[in-house]
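Order-wise, the sequence lines are chains A and B.
Following the numbering used here, the numbering of the first sequence begins with 51 at its first residue and continues without gaps.
Following the numbering used here, the numbering of the second sequence begins with 38 at its first residue and continues without gaps.
Calculated directly from the structure, the hints in this document are not laboratory data.
Please read all numbers here as calculations on a predicted model, not as lab measurements.
Hints are supplied without guarantee of correctness; some may be wrong.
No farther apart than 27 angstroms at their CA atoms in a straight line, the calculated lysine-lysine pairs in the BS3-like style are these [unchecked claim]:
#, chain 1, residue 1, chain 2, residue 2
1, B, Lys-450, B, Lys-660
2, A, Lys-272, A, Lys-202
3, A, Lys-91, B, Lys-687
4, B, Lys-292, B, Lys-112
5, A, Lys-297, A, Lys-253
6, A, Lys-253, A, Lys-234
7, B, Lys-660, B, Lys-715
8, A, Lys-234, B, Lys-687
9, B, Lys-112, B, Lys-86
10, B, Lys-40, B, Lys-715
11, B, Lys-687, A, Lys-202
12, B, Lys-614, B, Lys-715
13, B, Lys-40, A, Lys-234
14, B, Lys-750, A, Lys-234
15, A, Lys-224, A, Lys-272
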Amino acid sequence: MKILEPKNLAHALKMKAENNRAEPIAGGTDLLASWSAGAEKPAVIILLPGLAELSGIRLNNGYIRIGACTTHAELASNPIITRHLPALAAAAAGIGAPAVRNMGTLGGNLVCPSPAADLPPVLLAFDAEAVAGSTAGERVVPFSEFFIDYRKVDLKEDELLLAVRIPVPADGIKSYFRKVGSRKSQTLAKVSLAARARVEQGKVIHSAFAAGSVGPTVVRLKETEALVESKQLDLEIIEQACKEAEKEICPIDDIRSTASYRRFALNGMVREFLEMLLPI
Amino acid sequence: MYKVIGRHHIRKDGAAKVTGKAKFTADLHFPNCLYAAIRHSEHAHARIKGIDIAPALQMNGVAAVITGNDFHSNKWGNVIQDMPFLANDRVRYLGDAVVAVAAETLELARNAAQAVRIEYEPLPAIFDPSESLAGEAPLLGVNDNTVVRHHTSTGDVQKSESDSDEVVDLLFETPFIEHSYLEPEAAWAVPDQENGVTVYLSTQHPYSARRAVAQALGLDLNEVTIIQPPIGGGFGGKDDNASLVAARAAMLAAKTGRPVKLVLTREESFLESYKRHPYKMHYRLGARKDGTFTFLQAEIIADAGAYASMSPFVTWRSAVQAAGPYRFDSVWADMLAVYTNNTYTGAMRGFGSPQVCFAVESAVDELASKLKIDPVRMRLNNVYRQGDVTPTGQVLGGHVVSLTQVLERAARKSGWPGPNTGSDRALGIACSYRGVSLGAEGADQCYAVVTVSPDGSVDLAVGVAENGQGLNTAMALIAAEALGCNLDRVRVHPAGTHMCPDGGPTVASRGTIAGGNAVLDAALKIRAQMDKAAQRFDAGNATFEELAGVCDKMKVGLSEVGHWSAPPTSWDGKTGKGDAYFTWVYGCQVADVRVDVRGQKVRVERVTAVHDLGKVIYPQGAKGQVTGGVVMGLGYALMEDAVHEQGRLKSYNFDRYKIPRTTDAPVIDVEFIENPDKAGPFGAKSLGEPTCEITAPAIANAIARAVGARVVKLPITPERIRQAIAGGDYK
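Given only the sequences and the hints, what does the whole structure look like? Please build it.
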């Protein structure tokens, strides 16, 4: 295996342009595990850690921009994230064990995402965008288009994922993330839900729900969102929303859970979030 | 009254373990060594038509390639010798090892192992134990596919059933369970200057490994030395498979004359190593209106997998304890273990009890619920009392039968009955009796060698092994108490077959009672010599150290071999009768469980564990046993499941095989009841396994009380709770 060590981002993009099949590697928490499990190793890898352009979390022009090499541990504790995107911090804090959170990165969680990955639902629910880069320049793709299919994303052969940018949520937005696994920590989601909404005069405004592990990629629950939009929030509408959420997903039975349980648990989480919005 | 036992001490190996100084087998290094790799089967059942090792041997840096044909004898097994060191005619499960390679680097050894050409003829395979006995099933055993059958009965079940006002009829199922020791199997085989070999081995039974290596290489027992470095857990799992690993490494060392390192990866460990038996258990229990039990009928089938391993003994304990600690007018229990082409199953903490405890304790609660009797009262009405007779005809006596005591204490301590049924929070209770040590399984004895040197320091070697449970500290405490010296004077040497005669396996919760009795015997002999010397030489006021010096000068020998042989037990396999165990222990646990109604996720908030262990020798060790046992039991209850599909494990590592983490652990409230037993050192008997066998049923009973539906299949996942509530799983 040939290991390329770029000096800076421009250098890395050049390497990727010259060698499309080179595999970029950051924390290695996915790749190393899959190689030791027998997956074919790439002939060339590009080491991303240490590239200043891929690190850091900044507030800029109404966006929060997060470098692709930001670790889960940083996401979980960064003051900008914990203040503006507590759901993202919570999702990052629940990934793997401390060793994985210290090594694994945001970019790694997104470029070849398992349907059960923890960060995509939050990004999708907060209208985040992927910033891809190549020698030709930057390209911004909303995550609603970025996640194409099972472990397939809109990233071209000569591109690297540079960053994620998320519009700073307006004041008063309530957010939610929960993953249901087989134990309390270090667990893969059987089903997960990220959500956000604002309540104005008892009405739900601009809600977003994104569920993980219920299909080949993370999905926005558009029907559920439409159902509650501008509606007076009460127990009846909550009941309808839960039912709608169950209806609009297509989960499967697999080693981790069953389709029926996934629907049931998603129902519970939608209910939990909406009840959180009810006036006390 | 005791000076050292029962008091707080820092464990002997504590500092070395927490500072990283402890060297585990894989941490050792020997110069001029080779690295070994294993090639496993590609079929669950196949005939091996040919093995061509030439492509591997030709590779530069490959020192040796061995197959089953290289062994002096290619048969192994502690009970039935049906297991090869390397399969050479037939593979019987996917974990069968076929070829072993030693090479200059590990990578080279692995590549060479893959380069060997193996030709298979696939054979029909069986994965469901209930199909194993069908006429058309392929033959996996010698005459048929039965590994063993045990039967016990007393009274007349039919008559007792007609005396019953209420009967429950339930079909329970438990899964394959991985031991999940932190350290996978590891061996260093080092040829010695004579004909023999020394193997540093992660094992909980060095003497069994010595027999295996001697048999494999055609050596005398004294030509094989097994040394146990610090070990990262065993839980019953570091026996048969550790011996196979030792024999393969030793054969490669013998062939090459060089030290050989063989360490399994976690995936190989999952693949090869035996699991806890999955059981299917059909239980029927009856009672009169007043809650008095009438009969229990149990029909149990265990999946033994590819090899017999400890199945004959594991299932014997299940048969003996099948009816739980209760008086029934009649009991009928039938226990069958059959071969399949799944991973073989063997000893694991509990040894046949976790399965039947889950069934009996769940069934008792179902009966209580039908009769609207409180589960604690139901148990108190029916548990054995002093002098009662077990289904095998054994009179429970000679020790305190403390079931009532542990039940009442656990109930009071846990705040029984807790919240009202139907809330999301509930308590669940389970209790058990457990035969101590090996019982009528086999010769039960142990040795210890104790030497007091002229400076008053003490060397101790014992025939049982430190598996991480704190055994060495307990042994040192017993020696110090009996000798009258300080704990820090006693050094316990790592278990080695050259240090002490064969003390039997460190299993069956027998470490303290077997090892401790042997240590006590040696120490008391020495103390008697010292007391005599003190009198003779007028050294009554001498310190222990001074007296040791006097004894040396006056040629008073202060080195002794201690021996313990278990009190008699008996068993008649035909009638299923006998005094199965020489003494028993009793325990009760209450689980306080919260069920999240939104996700039907279970959170175990607290477990109250009350165990009568005779006498506490080493308090932190004892507490550690309970803590570990409860958490292991929690994993059994809620998440662990080594699913097989067509003989293939669905998970080969802990990313998918879920065990509890500290975040899942409940508050564990431990209390020991001490009824000293004359059979034990200072009255101490057993603890390791009782702690692990009743947690799952206590949790199961709590969940059933909380949600009003019973899950009869472990693990109790939210999916199964949901199904049970919907009426799917409930019978």
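To see whether the hints hold, each was checked on the structure:
1. B:Lys-450 with B:Lys-660: holds (17 angstroms)
2. A:Lys-272 with A:Lys-202: holds (21 angstroms)
3. A:Lys-91 with B:Lys-687: holds (23 angstroms)
4. B:Lys-292 with B:Lys-112: Holds - the C-alpha atoms of Lys-112 of chain B and Lys-292 of chain B are around 19 angstroms apart, at most 27 angstroms.
5. A:Lys-297 with A:Lys-253: At roughly 23 angstroms apart (the allowed maximum being 27 angstroms), Lys-253 of chain A and Lys-297 of chain A satisfy the hint.
6. A:Lys-253 with A:Lys-234: violated (34 angstroms)
7. B:Lys-660 with B:Lys-715: holds (23 angstroms)
8. A:Lys-234 with B:Lys-687: holds (21 angstroms)
9. B:Lys-112 with B:Lys-86: holds (19 angstroms)
10. B:Lys-40 with B:Lys-715: holds (20 angstroms)
11. B:Lys-687 with A:Lys-202: holds (25 angstroms)
12. B:Lys-614 with B:Lys-715: holds (24 angstroms)
13. B:Lys-40 with A:Lys-234: violated (43 angstroms)
14. B:Lys-750 with A:Lys-234: holds (21 angstroms)
15. A:Lys-224 with A:Lys-272: holds (18 angstroms)
Of the hints listed earlier, those the structure fails to meet are numbers 6, 13, in rising order.
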